[in-house]
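> Sequence:
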Amino acid sequence: MEDWLQGNAQRLTHYLLLGEAYLRHGDVQQAIQTYEQARNVDPDHFQPYISLARAHLLRNDQAKATGCVERAINMAPNQIEPLLLRAEIALEARDPRGALNRAQAALAISPDHVLALHLQARALTALGRFADAQGVLERAISLAEDPLQLMLEEVELVSKSQGTSAALEALQELASQYPQEAMVLARLTMALAQAGKRDETIRAAQQALRLDGLSASERAHLLYVLGKHLRQAGQLDQAIYQLNEAIRQDPSMVAAYLELGAVHQDRRQHTQALDAYRRAIDVAPDNPQPYYEAGLLLKEGRDYQGAEDMLRRAAHLARNDVNIHRQLGALVAINLVHSRKTLPIDS
1 MEDWLQGNAQ
11 RLTHYLLLGE
21 AYLRHGDVQQ
31 AIQTYEQARN
41 VDPDHFQPYI
51 SLARAHLLRN
61 DQAKATGCVE
71 RAINMAPNQI
81 EPLLLRAEIA
91 LEARDPRGAL
101 NRAQAALAIS
111 PDHVLALHLQ
121 ARALTALGRF
131 ADAQGVLERA
141 ISLAEDPLQL
151 MLEEVELVSK
161 SQGTSAALEA
171 LQELASQYPQ
181 EAMVLARLTM
191 ALAQAGKRDE
201 TIRAAQQALR
211 LDGLSASERA
221 HLLYVLGKHL
231 RQAGQLDQAI
241 YQLNEAIRQD
251 PSMVAAYLEL
261 GAVHQDRRQH
271 TQALDAYRRA
281 IDVAPDNPQP
291 YYEAGLLLKE
301 GRDYQGAEDM
311 LRRAAHLARN
321 DVNIHRQLGA
331 LVAINLVHSR
341 KTLPIDS
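Residue numbers for the sequence shown, in the working numbering: 1 to 347.
Treat the hints with care, since some could be wrong.
[Stated by the list, open to error] List of simulated lysine to aspartate or glutamate pairs, EDC-like, C-alpha gap at most 16 Å:
#, residue 1, residue 2
1, K64, E92
2, K197, E169
3, K299, D286
4, K64, D42
[Claimed, not checked] So the derived label-pair ranges between C-beta atoms look like this:
#, residue 1, residue 2, range
5, D27, H270, 51 to 59 Å
6, E92, E20, 18 to 26 Å
7, S161, E218, 19 to 27 Å
8, Q194, Q10, 25 to 33 Å
9, G163, Q79, 22 to 30 Å
10, Q177, R268, 25 to 33 Å
If you're looking for bench data, these hints aren't it; they were derived computationally from the structure. We put the CB at the ideal spot given by N, CA and C, even for glycine.
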């Protein structure tokens with residue numbers, strides 16, 4: 001009997017590890033089939049159901065994932081892992097009360113469990129109970145081995161409960177504790193930009209960009225913010241450089257093309273500005289803003305027909321934008337006058 005149980009345990013472990021291997025290679029369907037084999041080996045063990053739930057979540061099948069994890073909870077009511085996963089699913093499903101109940105059940109088993117506290121804080125935040133969420137998050141921070149991400153989340157809570165000024169102060173304090181953390185400095189940059197502190201925004205962005213730890217998209221956004229504020233400071237050459245770097249990191253960032261076009265306009269480089277707006281149109285043909293900016297630029301260069309064409313496209317994409325339609329109306333009137341002036345005179 002003992003040998004049989006040991007063999008069953010080995011087979012269960014084998015299937016669970018094999019399923020994980022399939023997931024690492026992106027074969028979710030094969031992983032699900034493998035986890036079902038693990039469930040058949042030991043129908044009374046909760047772990048195959050947890051693994052199945054995670055695999056179903058990768059396929060965005062919340063219903064099957066929920067069924068599996070509920071089965072795991074019923075089978076092992078004193079195990080924390082099923083409760084935590086059920087709380088995560090509830091949060092994804094925008095059911096913060098359900099998430100709160102499961103997180104609290106997990107904390108009843110293990111009061112110092114950091115992930116359970118984190119999930120409880122997220123559920124309280126979703127319920128609008130910001131002060132309660134902050135208290136729970138502070139407890140999680142005090143227990144976590146690496147609390148930085150939780151501390152950044154606390155800043156978000158401070159912003160919601162006490163306002164942006166208090167959040168900026170919290171970020172400045174956090175940056176003094178973690179001066180070599182790019183993510184902290186990136187968040188500080190955004191908060192400074194929101195507060196209208198141009199020079200401090202530039203310094204924080206430059207400091208963050210000297211550090212590792214940001215994704216390409218995060219770096220691109222930071223470069224865009226830096227370029228935008230350099231333009232405001234009149235440092236146009238540097239602004240162009242940083243905005244081109246932002247585009248190199250993220251060629252789909254429409255805002256960077258628009259800002260680059262604006263910088264070239266500041267330098268009276270209309271050809272380069274128009275090129276930037278046309279590149280924005282190429283990456284975002286359904287965005288009205290590049291057409292609008294190109295239209296205004298063509299109008300400034302007295303290419304009234306080209307300007308009207310661009311503004312018509314912008315107006316088609318932004319049917320309720322009064323300003324775009326007003327500009328289009330003015331262009332139509334100008335072109336009508338010009339067309340009448342060029343009509344032949346009857347002899």
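> Hints first: check each against the structure and report whether it holds.
So, going through the hints one by one against the coordinates:
1. K64 with E92: Since the Cα atoms of K64 and E92 sit roughly 14 Å apart, the hinted pair holds (cutoff 16 Å).
2. K197 with E169: Between K197 and E169 the Cα gap is close to 13 Å, so the pair holds against 16 Å.
3. K299 with D286: 21 Å, violated
4. K64 with D42: 20 Å, violated
5. D27 with H270: 51 to 59 Å: Holds: the Cβ-Cβ distance is about 53 Å, inside 51 to 59 Å.
6. E92 with E20: 18 to 26 Å: Check passed, 22 Å falls within 18 to 26 Å.
7. S161 with E218: 19 to 27 Å: 26 Å, holds
8. Q194 with Q10: 25 to 33 Å: 57 Å, violated
9. G163 with Q79: 22 to 30 Å: 41 Å, violated
10. Q177 with R268: 25 to 33 Å: 46 Å, violated
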